[in-house]
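Novice: Numbering-wise (numbering that gives the first Met the number 0), the sequence shown opens with residue 0 and increments by one.
Since the hints were derived computationally from the structure, they do not count as laboratory data.
A few of these clues could be false.
[Claimed, not checked] For each label pair, taking beta carbons as the anchor points, the in silico distance ranges come out as:
(1) Leu83 with Leu354: 52 to 62 Å
(2) Phe363 with Asp27: 13 to 23 Å
(3) Lys197 with Gln153: 14 to 24 Å
(4) Glu324 with Pro20: 26 to 36 Å
(5) Thr222 with Arg263: 20 to 30 Å
[Said to hold, decoys possible] In silico EDC-like cross-links for lysine to aspartate or glutamate, where the CA-CA straight-line distance does not exceed 20 Å:
(6) Lys152 with Asp199
(7) Lys284 with Asp199
(8) Lys284 with Glu324
(9) Lys49 with Asp199
(10) Lys49 with Asp27
Ideal Cβ positions, reconstructed from N, Cα and C, are used throughout, including at glycine.
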Amino acid sequence: MDFTVTFPALVAGRLVLAFTPLTQYLRDDHLLSSPLTSYARLQEGVYLFKHGIDPYSGSTFRHSPLLLSLFSTIAPLNEITAPLLWTASDALAAWSLVHIWRARQNSTSTSRDSLIVALYLLNPYTFLPSLGLSTSSFENALCLLSLMLACRKQASAAILTFAILVQLSLSSILLLLPLLLLLISNPTSQLASPHFLKADVWRILPLAGRFAAYSLLLSGAATLVCGNFSWLGNTWGASLTLPDLTPNPGLWWYFFTEMFDHFRAFFLMVFSVHLLIYVVPFCIKFQHDSLYACFLLLGVLSIFKAYPTLSDPGLFLSMLSLFPETFPYLHHPIVTALLHLHAALLLPLFHYLWLTQGTGNANFFYASTLVFGMANGSALLDSIWAGMRLALGEVQEGYEVMQE
0 MDFTVTFPAL VAGRLVLAFT PLTQYLRDDH LLSSPLTSYA RLQEGVYLFK HGIDPYSGST
60 FRHSPLLLSL FSTIAPLNEI TAPLLWTASD ALAAWSLVHI WRARQNSTST SRDSLIVALY
120 LLNPYTFLPS LGLSTSSFEN ALCLLSLMLA CRKQASAAIL TFAILVQLSL SSILLLLPLL
180 LLLISNPTSQ LASPHFLKAD VWRILPLAGR FAAYSLLLSG AATLVCGNFS WLGNTWGASL
240 TLPDLTPNPG LWWYFFTEMF DHFRAFFLMV FSVHLLIYVV PFCIKFQHDS LYACFLLLGV
300 LSIFKAYPTL SDPGLFLSML SLFPETFPYL HHPIVTALLH LHAALLLPLF HYLWLTQGTG
360 NANFFYASTL VFGMANGSAL LDSIWAGMRL ALGEVQEGYE VMQE
């Protein structure tokens with residue numbers, strides 16, 4: 000079906016769902032929103048801010064001051080504006096994803112456009128958090144928009160968009176290096192012909208300086224909004240110190256619930272630094288295709304970030320549609336799909352048994368998050384293998400490619 004028909008139809012359907020009573024039941028779901036992305040906490044922060052109370056003086060509000068100022072002035076939240084804003088965010092994300100694909104194919108239109116937009120807007124991992132009004136939908140939209148602008152070589156716009164994303168989600172800083180490399184390299188598919196980066200690597204230094212300047216300006220604006228630096232500890236600091244142990248689909252919360260306090264600082268450091276070790280290896284191995292390095296790092300974040308929601312693996316899996324050349328080389332796509340199906344059944348079931356019925360305990364729900372982590376890990380490892388295996392091409396009869 001033509002993209003000009005599919006895209007408006009899917010957005011219209013998404014908008015209709017946004018105005019149904021379904022959204023009321025999804026807003027407080029721990030799978031769809033975290034303490035850093037919760038709509039209820041955002042509403043509370045906006046209310047306190049409007050009444051002259053510092054929302055960061057407590058331990059509930061953990062959103063960026065940029066969102067606080069936006070929803071306190073330009074776009075006040077209510078039952079009409081919120082569904083419109085979140086639907087527009089999803090539409091922007093899907094539109095950006097299609098234009099990334101077009102840049103990758105070096106084309107203005109392709110027959111695959113409708114499929115790509117459908118895989119994002121119909122992905123339950125992305126549209127359910129959006130229906131629950133989780134601000135992770137804004138993070139996904141900003142991430143895809145910055146990648147799209149980078150593919151188009153619009154450096155200032157891409158870096159500014161990415162700086163705003165980092166203000167909302169500190170863990171997104173992992174994408175900085177591959178994003179800068181994408182700005183100085185070709186976005187078209189290079190997986191089948193790996194080579195050393197042809198561009199001058201030193202060109203990323205002024206781009207990194209521009210990012211630092213934008214981040215400094217945005218941080219200054221955030222400080223002016225709330226009048227002090229307390230937002231730093233409650234927003235960026237929360238991603239590093241994990242002060243709120245509300246259950247989520249991630250791996251951190253249960254581990255630190257069971258941990259003795261005198262080990263906490265050490266393991267917080269280990270868990271945080273662990274995220275950084277993937278950046279340079281991925282950027283070196285896939286220096287010929289920086290967009291693929293961004294894709295893989297999003298997969299790492301979907302597994303290991305401090306406060307994930309379903310929208311994190313949703314973004315990673317939706318971006319898989321940008322790399323159809325890797326599909327023939329995936330080792331175990333059926334196993335990965337079945338793991339995701341299994342986790343999709345276990346997560347809400349064990350969450351209900353533990354927190355609603357009271358017939359289970361935290362081990363039940365954490366076991367389901369481990370299955371979910373296995374599903375995301377399986378998808379990530381398979382994507383890494385396929386991205387490297389593609390370079391070898393067809394193997395002659397009598398030979399076999401093995402990984403040791």
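Novice: All hints, please: hold or fail.
Specialist: Hints, one by one, checked against the model:
At roughly 31 Å, the beta carbons of leucine 83 and leucine 354 sit outside the given window of 52 to 62 Å. Phenylalanine 363 and aspartate 27 have their C-beta atoms about 19 Å apart, which keeps the hinted 13 to 23 Å range intact. Range check, lysine 197 to glutamine 153: Cβ separation about 21 Å, and the 14 to 24 Å hint holds. Against the hinted window of 26 to 36 Å, the Cβ-Cβ separation of glutamate 324 and proline 20 comes to about 43 Å, which falls outside the hint.
In this structure the hint that threonine 222 and arginine 263 lie 20 to 30 Å apart at CB holds, the actual value being about 28 Å. A C-alpha spacing of about 15 Å is found between lysine 152 and aspartate 199, which places the hinted pair at or below 20 Å, so the restraint holds. Using a Cα cut-off of 20 Å, the hinted pair lysine 284 and aspartate 199 holds, with the two alpha carbons roughly 17 Å apart. Of the pairs offered as hints, the one joining lysine 284 and glutamate 324 holds, with about 18 Å between alpha carbons and a cut-off of 20 Å not exceeded.
About 49 Å separates the Cα atoms of lysine 49 and aspartate 199, which puts this hinted pair outside 20 Å; it is violated. Only pairs whose Cα atoms come within 20 Å are accepted, and lysine 49 paired with aspartate 27 is rejected, the gap being roughly 23 Å.
Of the numbered hints listed earlier, those contradicted by the structure are 1, 4, 9 and 10.
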